[in-house]
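Student: Use the sequences and the hints to build the structure in full.
Protein chains: 2
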Amino acid sequence: MAASRLYLSAKSAAALDAELMSSGGFSLDQLMELAGLSCAQAVYKSHPPESKRSVLIIAGPGNNGGDGLVAARHLKLFGYNPIVYYPKRPNKDLYNRLVTQLSNLKVSFTDDIDMAITETDQILDAAFGFSFQPPIRDPFVHVIGLLELTKKPVTSVDIPSSWNVDSGPPKTGELGAGFVPDVLVSLTAPKPAAKFFKGTHFLGGRFVSREIAEKWGFSLPDYPGVDQVVELPVDNEKL
Amino acid sequence: MAASRLYLSAKSAAALDAELMSSGGFSLDQLMELAGLSCAQAVYKSHPPESKRSVLIIAGPGNNGGDGLVAARHLKLFGYNPIVYYPKRPNKDLYNRLVTQLSNLKVSFTDDIDMAITETDQILDAAFGFSFQPPIRDPFVHVIGLLELTKKPVTSVDIPSSWNVDSGPPKTGELGAGFVPDVLVSLTAPKPAAKFFKGTHFLGGRFVSREIAEKWGFSLPDYPGVDQVVELPVDNEKL
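From first to last, the protein sequence lines stand for chains D and L. By my numbering, the letter at position 120 of the first sequence is numbered 120, and the numbering carries on one by one without gaps. Numbers in my numbering are just positions in the second sequence, counted from 1, shifted up by 1000.
Read the hints as simulated data drawn from the structure, not as lab findings. There's no promise every hint is true.
[As the list claims (entries may be wrong)] Facing chain L, according to a computed beta carbon distance under 8 Å, are these residues of chain D, among others:
id	residue
1	L105
2	S108
3	F109
4	G225
[To be verified] Chain D stretches covered by chain L per the calculated footprint, using a threshold of three residues with CB under 8 Å from any CB of chain L:
id	stretch
5	148 to 157
6	208 to 219
These numbers were taken from a predicted model, which means no experiment stands behind them. The beta-carbon is built from N, C-alpha and C at its ideal position, and this holds for glycine as well.
Tutor: The structure is reproduced here in structure tokens:
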């Protein structure tokens, strides 16, 4: 499996998402629901609520942030105490509705990222996904700096935020160079940056058929039972 | 728990759905995705693919049928061999897209309900939900007759099709009087008809907060872990 694993470049990942939402028949609501549920399940498997009940969700301005908002909702229903940092909110219907859903579940939002990181048991990093392009802008410059310093366990959605989707971690001395999450949830397929990640690695987004995976050139592992995530072996062969 | 269980009437269930999609911030895509996933998980828990791999999904013309189509997609991804009977298809975007998703996963559709019931290992009954109003029209008169006769295990979505949502099974001699599914998946909350059901009973649709449940007067059990369904005890106290 590891020897044949293939990675989906940023360009291909964007094209595959577009295909899923055109000829694939999926709405963004559906894909994001399943992606966010995957992330919440990965958090549960890695850091269950009995040991790490409070979870800070760092939600970025795009679809990665939307995945984080969906995950926050499921985490609340799984028995966690989520708190959401969502500083840049696009005025789009879906995102507004995800915020409404969280407010109705009494999920808290915070503007104080410093205090939130200090107080939380663990972090879900949903700041940037495969469409991330530098430079990082405020307030995320400060956020990435905090993620470099924190000792709290971090689960990253799709790629570790600040990492280049195709080339991996920032160079020494660059912002984010010191940030390595504990857990990574690759959505649909691992991106090339995942080759540089040696922690606990899940694949999520259980909506792709084998035919589509073959067409796009990545392998699809067997998910166990009804799980929405599958743990991937560490891939040491590509480096 | 059983003594205090409350049921959601057809009228209240419709009003709650409307509330979830207005002030609740949910889209039908999101609610149906989670409802359908619940149904697929209930099938998996009751009749895993190792013993009952082929599953016939009977999809009706409304939202209950839509839940069935979503369930069919997840069942395919869970390793089942689903086949879908979907004779009355509303020309609505969401339903068309759900059919496209199934076609892309190579899920088969059939027009031959007699042969399909003969050949399948088990059945998911998603013909009618809480908005069902008699009379039953063709081809579902024939379908309900087949469900009365079959010995194959049947899982019903929300209510057993042909049962009255509020008053329960049809009277002796009426169409559907002989139909009792093995498994029932109540969505959001059990409907009054569930009082007359003594088989394996799941609750699904894990998106309701305790506040909403209290407001609408039904009790919300604890779902285990990340499961999207929770098995309910048989309620003998209400009859």
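Student: For the hint on F109/D, does the least C-beta distance to chain L fall short of 8 Å?
Tutor: The hint is violated - F109/D has no Cβ within 8 Å of chain L, the shortest such distance being about 14 Å.
Student: Go through the hint on G225/D and say holds or violated, using the shortest Cβ distance to chain L against 8 Å.
Tutor: 7 Å, holds
Student: Do three or more residues from the stretch 148 to 157 of chain D put their C-beta atoms closer than 8 Å to C-beta atoms of chain L?
Tutor: violated (count 0)
Student: Grab the minimum C-beta distance from S108/D to chain L and call the hint holds if it beats 8 Å, violated otherwise.
Tutor: 14 Å, violated
Student: Are there three or more residues in the stretch 208 to 219 of chain D whose C-beta lies closer than 8 Å to some C-beta of chain L?
Tutor: Our answer is that it holds, as 3 residues pass the Cβ test (under 8 Å) against chain L, meeting three.
Student: Can you verify the interface hint for L105/D: is its Cβ closer than 8 Å to any Cβ in chain L?
Tutor: Given a least distance of 5 Å, the restraint on L105/D holds.
Hint violations for this structure: numbers 2, 3 and 5, all remaining hints satisfied.
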